[in-house]
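Position chain B against the provided structure of chain A, taking the given hints into account.
These protein sequence lines are chains A and B, in that order. Residues in the first sequence are numbered consecutively from 1, following our numbering. Residues in the second sequence are numbered consecutively from 1001, following our numbering.
Fair warning: there could be bad hints in the mix.
[Unchecked claim] Taking CB as the label site, the calculated pair distances span:
(1) B:E1129 <-> A:A149: 31 to 41 angstroms
(2) A:E158 <-> B:K1316: 54 to 64 angstroms
(3) B:I1511 <-> A:L69: 31 to 41 angstroms
[Claimed, not checked] Here are the simulated lysine-lysine pairs, BS3-like style, with alpha carbons at most 30 angstroms apart:
(4) A:K49 <-> B:K1170
(5) B:K1516 <-> B:K1247
(6) A:K102 <-> B:K1170
(7) B:K1170 <-> A:K74
(8) B:K1170 <-> A:K36
(9) B:K1316 <-> A:K49
(10) A:K45 <-> B:K1316
(11) B:K1003 <-> B:K1516
(12) A:K74 <-> A:K36
(13) A:K45 <-> B:K1170
(14) B:K1313 <-> B:K1482
(15) A:K36 <-> A:K108
(16) B:K1284 <-> B:K1437
(17) A:K108 <-> A:K74
(18) B:K1564 <-> A:K49
(19) B:K1482 <-> A:K49
(20) A:K72 <-> B:K1170
(21) A:K108 <-> B:K1170
(22) B:K1534 <-> B:K1516
(23) B:K1564 <-> A:K45
(24) B:K1027 <-> B:K1247
(25) A:K49 <-> B:K1313
(26) B:K1482 <-> A:K45
(27) B:K1313 <-> A:K45
(28) A:K156 <-> A:K141
(29) B:K1564 <-> B:K1316
(30) A:K102 <-> A:K78
(31) A:K106 <-> B:K1170
(32) A:K78 <-> B:K1170
Think of the hints as simulated: they come from the structure by calculation, not from any bench. Glycine included, every Cβ here is placed at the ideal spot set by N, Cα and C.
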Amino acid sequence: MANGISMERVEAIIDSYGAQRSNLIAIMQDIQAEYKYLSPQVLEKIAEKLNIGVAKVYSVATFYENFSLEAKGKYIIKVCDGTACHVRKSQPIYNAIREHLKLEGKQKTSADGLFTLETVSCLGACGLAPVVTINDQVHSKMTPEAMVALLEQIEKEEADNA
Amino acid sequence: MAKGIMYINGQRVPFDGEPNVLAVIRKAGIEMPTFCYYSDLSVYGACRMCVVEDERGKIDTSCSMQPRDGLSIKTNSARLLKHRRMILELMLASHNCNCTICEKSGDCHLQELALQFGVRNVRFEDNREVLPFDDSSPAVVRDPSKCILCGDCVRVCEETIGMGVIDFAKRGYNMQVTPAFGRTLSQTNCISCGQCSAVCPTGAITVYNQIGAAWRAIHDTSKRVVVQIAPAVRVAVGEAFGLPSGKNMLDQMVTALKLMGVDEVYDTTFGADLTTIQEAEEFKARLAAGGPFPMFTSCCPAWIKYLENENPKYLKNVSSCKSPMEMFGALLKEKYQAKDAEDGRTTYHIAIMPCTAKKMEAARPEFATDGVPDVDLVLTTQEIIDMIKESGIQLPQMELESPDTPFGFGSGSGVIFGTTGGVAEAVARYCLPDKTKNTLRKLELSPLRGEESIREATLDVGGTEIRIAVVHGLINAQNLIKRIEAGEVNYHLIEVMTCPTGCVGGAGQPIGRRDKKLERAAGLYTTDKTAIFKRAEFNPVMDDALAGYSEEQLHHMLHVNYVKE
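Chain A on its own, in the form it takes in the complex (with noise of 0.2 angstroms):
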């Protein structure tokens, strides 16, 4: 068990695929929809598995934006930034959410590991942007002080069950 990832449940990904290279994307794909990210050692374990070079993996994962290499929290906050959301100001949201989560730089995941934030390009209902989606339950008309609270709300929550 290396980071809550059992390796014996990933072996089995990639056994139910027969172990074929030609599957490498359905498998990362399956083992990320598990575990929502793929760490080092599951991308080690595929290239073993496949008998491929662990480079070849790490290119593919790298190669699609949908792998994510890094750990996410418990809610994936999805920001609308396509055009418009962005047009109805979506972007001091993401601000919004950055600074009360206190990201900095290139970071994505807020220290407590409990929220990631992400943009997308678009999610489709345009006709409520600003959107905001929290693990795939969409917020609609979204304002920066809306926001804030909805996250206060979810970090009170996780508080009190703590």
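Frame of chain A, contents of chain B only:
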């Protein structure tokens, strides 16, 4: 294979089995510019320099185009020239252009083509993230700021060597060539073969340069600098001075090195003779003991590193012999202890090798006595060329001088160590009881010689039939092991050389295409032909050199155990 007539710039050009239009164009005497095309590697079609225009004005890369009858293309239309210049300008825009102080300056393909196409101005700024310089490897240095993303290194590492240590990462503007997770080469399974540097068209991957250390030793009066020169070096060094590949320049090199201030110059073929005798005796002992088989040769340090990193269970199959370079180094340092005590100087041993992995081998702890390496420094052929040029020495005009005695003498079978099949042939010459010319003739015509990637021969040694395989290009060795594991084939002796064509095609050699490497190999066989002694056991200085040492001392000097307990 396809046959027919093509029209290149309006001229009729027949083709017969060429793999792509690019090869047909080159056959017609037009040198197409390329960065990412190597005939030995898969077609990648990324650099776009070899673009041609068809009758309809459609532009496509000739490296990935099939020749077909009646095809009509232009190679130098106004549009094509404009495109090529633009491609070069864009490449230069994202390239660290500190050319005058670059390791590759003068030998850089990007520099050459930029000059050829008259690119004199770069209008774009380089905004790329500065990626870390990687000098962690004992063999090669990576400078990502000079990478043009042609992928040659990626493909040679995967397709020819079978390692796949480096690959592309990320995409678009952020794309880079790197080991996985942005690691340094020393954190990977890299075997230091250096073939990536041999195919790199720019200074993005270069051989670790140790010329400075060599000059310091030469100019240090308290050091006695003793040099050994490997077989493959002598037939390649002349290329840098306008001489044909394969011309043996050993005797001119001796004079040049002495002029540069080296004290003594010896020949690694003496070490090769030591190896032949030790390895053949070990082989005979294994035949008597019934194994373990196959016995693998141990001369190639990259091959040893591969086994250690990826396939350690076969280390017990590897001959316990040190490589010729290390046998030579151990014996030399032992012999010179008395001399050092006498005149108060320290012997500093430099080996001139066609190989980058030898730099890694020389630094291994197994090959040091009391913390001092048996071979203090390894210079590649290219490095010694640079040093000769720096000294202003015109190599072709040098007088001939034989290497010094006693270790300057090697047999013909030691010379051919520098090419694929040479080690196996030397051992076979030793093992075969018939010591006449007939044996030599038979071996010359056997599959031990040739350029196929895997060759096999069967020899009759005193009533026992022994099967020998010769393999070059490490991926072929990996595949051969798989076939052995599957029970499809089995051999008694397998010679492995990591680089295609063997040491003559090593990454320390001047850059050249495959035909040059084969000419170098032919040069080694010619040297063998004219050698007085053709067998290691007939080397007249051998007995003298080994006299006075006990069996145990000799074993310690000439053998090594790579198996980790």
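Now the hints, each set against the structure:
1. B:E1129 <-> A:A149: 31 to 41 angstroms: holds (37 angstroms)
2. A:E158 <-> B:K1316: 54 to 64 angstroms: Holds, since E158 (chain A) and K1316 (chain B) (Cβ atoms, about 57 angstroms apart) stay within the stated range.
3. B:I1511 <-> A:L69: 31 to 41 angstroms: Given range 31 to 41 angstroms: holds, Cβ gap about 36 angstroms.
4. A:K49 <-> B:K1170: OK: K49 (chain A) and K1170 (chain B) at ~23 angstroms, within 30 angstroms.
5. B:K1516 <-> B:K1247: This hinted pair holds, its Cα atoms lying about 11 angstroms apart.
6. A:K102 <-> B:K1170: holds (27 angstroms)
7. B:K1170 <-> A:K74: holds (26 angstroms)
8. B:K1170 <-> A:K36: The given pair, whose Cα atoms are some 19 angstroms apart, holds under the 30 angstroms limit.
9. B:K1316 <-> A:K49: holds (25 angstroms)
10. A:K45 <-> B:K1316: Within the cut-off at roughly 27 angstroms; holds.
11. B:K1003 <-> B:K1516: Given pair K1003 (chain B), K1516 (chain B) holds - Cα atoms ~27 angstroms apart, limit 30 angstroms.
12. A:K74 <-> A:K36: holds (9 angstroms)
13. A:K45 <-> B:K1170: Status holds; Cα separation ~20 angstroms.
14. B:K1313 <-> B:K1482: Holds, because 13 angstroms separates the two Cα atoms, which is no more than 30 angstroms.
15. A:K36 <-> A:K108: OK: K36 (chain A) and K108 (chain A) at ~14 angstroms, within 30 angstroms.
16. B:K1284 <-> B:K1437: The hint holds at about 22 angstroms.
17. A:K108 <-> A:K74: holds (13 angstroms)
18. B:K1564 <-> A:K49: holds (25 angstroms)
19. B:K1482 <-> A:K49: holds (16 angstroms)
20. A:K72 <-> B:K1170: holds (19 angstroms)
21. A:K108 <-> B:K1170: holds (18 angstroms)
22. B:K1534 <-> B:K1516: holds (25 angstroms)
23. B:K1564 <-> A:K45: holds (24 angstroms)
24. B:K1027 <-> B:K1247: Satisfied, since the Cα-Cα distance of roughly 26 angstroms is no more than 30 angstroms.
25. A:K49 <-> B:K1313: Satisfied, since the Cα-Cα distance of roughly 19 angstroms is no more than 30 angstroms.
26. B:K1482 <-> A:K45: holds (21 angstroms)
27. B:K1313 <-> A:K45: holds (20 angstroms)
28. A:K156 <-> A:K141: holds (23 angstroms)
29. B:K1564 <-> B:K1316: holds (10 angstroms)
30. A:K102 <-> A:K78: Answer holds: K102 (chain A) to K78 (chain A) is near 17 angstroms, not above 30 angstroms.
31. A:K106 <-> B:K1170: holds (16 angstroms)
32. A:K78 <-> B:K1170: Holds. K78 (chain A) to K1170 (chain B) sits at ~22 angstroms (cutoff 30 angstroms).
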